[in-house]
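Visitor: This is what each chain is made of:
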Amino acid sequence: MNAIGKTISGLSRGGLIAEEDLRAVAGRHAVSLREAHRAALELGIMPRRYARNMAALSTADQLRLHDAAVAVIGCGGLGGYIVEELARLGVGTIKIIDPDSFSEDNLNRQLYATRHSLGRSKAACAAQRVRQINPAIRVTAVKAALGRDNGVKLLERTQVAVDALDNISGRLELAQACRIHGIPLVHGSVGGWYGQVLTEYPGDGTLEKLYAHCHNDRGVEQEIGNLACAVAVIAGLQVAEAGKIVLGRPASLRSKVLFIDLLEMEFTEIAF
Amino acid sequence: MPPIKVTVKLFASLQAGRFKIQDLVFEAGTTVAELIASLDIPEKEVSLIMINGRHKELDHRLAEAETCALFPPVGGG
Numbered sequence: 000m001n002a003i004g005k006t007i008s009g010l011s012r013g014g015l016i017a018e019e020d021l022r023a024v025a026g027r028h029a030v031s032l033r034e035a036h037r038a039a040l041e042l043g044i045m046p047r048r049y050a051r052n053m054a055a056l057s058t059a060d061q062l063r064l065h066d067a068a069v070a071v072i073g074c075g076g077l078g079g080y081i082v083e084e085l086a087r088l089g090v091g092t093i094k095i096i097d098p099d100s101f102s103e104d105n106l107n108r109q110l111y112a113t114r115h116s117l118g119r120s121k122a123a124c125a126a127q128r129v130r131q132i133n134p135a136i137r138v139t140a141v142k143a144a145l146g147r148d149n150g151v152k153l154l155e156r157t158q159v160a161v162d163a164l165d166n167i168s169g170r171l172e173l174a175q176a177c178r179i180h181g182i183p184l185v186h187g188s189v190g191g192w193y194g195q196v197l198t199e200y201p202g203d204g205t206l207e208k209l210y211a212h213c214h215n216d217r218g219v220e221q222e223i224g225n226l227a228c229a230v231a232v233i234a235g236l237q238v239a240e241a242g243k244i245v246l247g248r249p250a251s252l253r254s255k256v257l258f259i260d261l262l263e264m265e266f267t268e269i270a271f
Numbered sequence: 000m001p002p003i004k005v006t007v008k009l010f011a012s013l014q015a016g017r018f019k020i021q022d023l024v025f026e027a028g029t030t031v032a033e034l035i036a037s038l039d040i041p042e043k044e045v046s047l048i049m050i051n052g053r054h055k056e057l058d059h060r061l062a063e064a065e066t067c068a069l070f071p072p073v074g075g076g
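The listed protein sequences correspond, in order, to chains W and G. FYI, numbering that gives the first Met the number 0 numbers position 105 of the first sequence as 104, with every residue one higher than the one before it. FYI, numbering that gives the first Met the number 0 numbers position 1 of the second sequence as 0, with every residue one higher than the one before it.
Think of the hints as simulated: they come from the structure by calculation, not from any bench. Hints are supplied without guarantee of correctness; some may be wrong.
To be verified - Here are the simulated DSS-like cross-link-like pairs (lysine-lysine), alpha carbons at most 25 angstroms apart as the crow flies:
id: 1; chain 1: W; residue 1: 255; chain 2: G; residue 2: 19
id: 2; chain 1: W; residue 1: 255; chain 2: G; residue 2: 43
id: 3; chain 1: W; residue 1: 152; chain 2: W; residue 2: 142
id: 4; chain 1: W; residue 1: 208; chain 2: W; residue 2: 142
For clarity, every value in this text was computed on a predicted model and none was experimentally measured.
Next comes chain G alone, as it looks inside the complex (with noise of 0.2 angstroms):
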């Protein structure tokens, strides 16, 4: 199979010593869970996952041009 591309869009506190936004390449029938380990990012850093406008889980496989943005968890008040 070949590789897949996927825009990956970082929010607030996810981005510092990452990016915003880039495209990245995975192997396809990469899993979220996956992509957020291959960008080092402990996974209850990350409380949102949304796929192309929809919220998903850790164990959606990625396809070819979609888009993955994840949020940190707010809490405050």
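Next up, chain W with everything else stripped away, as it sits in the complex (with noise of 0.2 angstroms):
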């Protein structure tokens, strides 16, 4: 065992590690904290805040999660609690891209929006709270639009990317950025008491037969608005599957769409 890890052992009860002692390791070997996590998981002790993922993930998965890089693609109301549930699972790399700023008509049902952030960048927002929740995560803010042109090369060096778009033109260009770069993607939409969520791996075509007859850019969303309760319900399931992909684990909504509806409470799974 390396002097780095002597430390983490030494300091270690129970098989945990608290961030005040990983903090002291980085300290005491100038290594960062994110360094220090890395090797505590490395040598199958949890940082403390990750404790209450034990038995659901192993020291060996949230080494796998800390070494994994998703990219967030809109960061409105599915991505803030996208961005918010990947930092807790202990998701290392979170690239979050959304040219927007925050409105008062997002108060409704949009994680950080706040009195506080109106006016203010999403994904800057996003990436303060990342930084608030856990330093050790490298989490970057890119304030543009995902589009044909940039699409590829803002997927550069992320393994999973996640689907928090508005608009269907969007997520068409985003699953063609995907399908090029050769990751997967976790598609997320909702309107109203209604959402739905698939995952397609390249080639899959799934999302390009979903929307294969809309003509709008806009679904029922446009008339029936978005509710916090479906935007938090499909964000937790896209998380869900983006969590098993990295953990090289079956992705369960692969060449199927789950619908849900909340006002009957009816999950339908539809496949394709």
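Both chains come to you apart, so use the hints to assemble them.
Guide: Below is the structure:
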């Protein structure tokens, strides 16, 4: 065991190590907190912040999450909850892409829209929040729209993309960029009490089939809006799918769409 | 050819002014596009067609006792 490993082992109790001790390790061995987190996980010692992840996730799983890079495209309703949950889960690198700033009509459902964040960049606010939750996470905010011209470049060095956009053409461009970059895409969208989730791997073409008959760029949400409860449910399902992909477990919603109706509490799977 | 009975299930906003689930009778060979037209639903308001649990296209010809579920496009974030 190397010197840093010995220090971590010495400070750990019952397979756990406190954040304060990880900071001490980082200081003593001149490494970043992020590197100290990683070193602990490599030794099978769980940072205490993840104590309640244990059993559901092994330290090997937690290390895999730490080493993972996930892109979240769109940081409004879905994106805010997705970023929050990815950070709490322990995904080590999160890239947040959104061109917009918060406005008053975001307050009904967007996690990072507060009275104080109105007018501020959604991506920057989300990144700030992640740093507050866990400074060991590498987070990047990009205040831009992902499109045909920059899509593949923006997805560089990420291994899963999570679709949290609010328009259909943007989603199809994202799917194309994922196909070219060769990474899976977890799609989610919402409208009123309803929402849908699916996972597509390069070449599946499920999202393209799903929106093949849409002539408009928006769906039912144009008339019935978006509710916080639907947004949070769909975001949670997307993070579960993205997390499993990172962990090398099979995604549950490949080649199928899960359609959710929260008014009737009806969950319907449509096989493609 | 005798007429066929199809269970039609409408999801989300497609239910407004119509129904949630109903058994309807059609001529044999009726397509999903014709079923949608008979319900006065503009085609662009249907994003997903599910026949007996599987995704199908507008040109699918309905058969006796099939369940046809229609979903509107959902695109918000």
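Visitor: Going through the numbered hints above, which ones does this structure break? Give me the numbers in ascending order.
Guide: Per hint list: single violation, 4.
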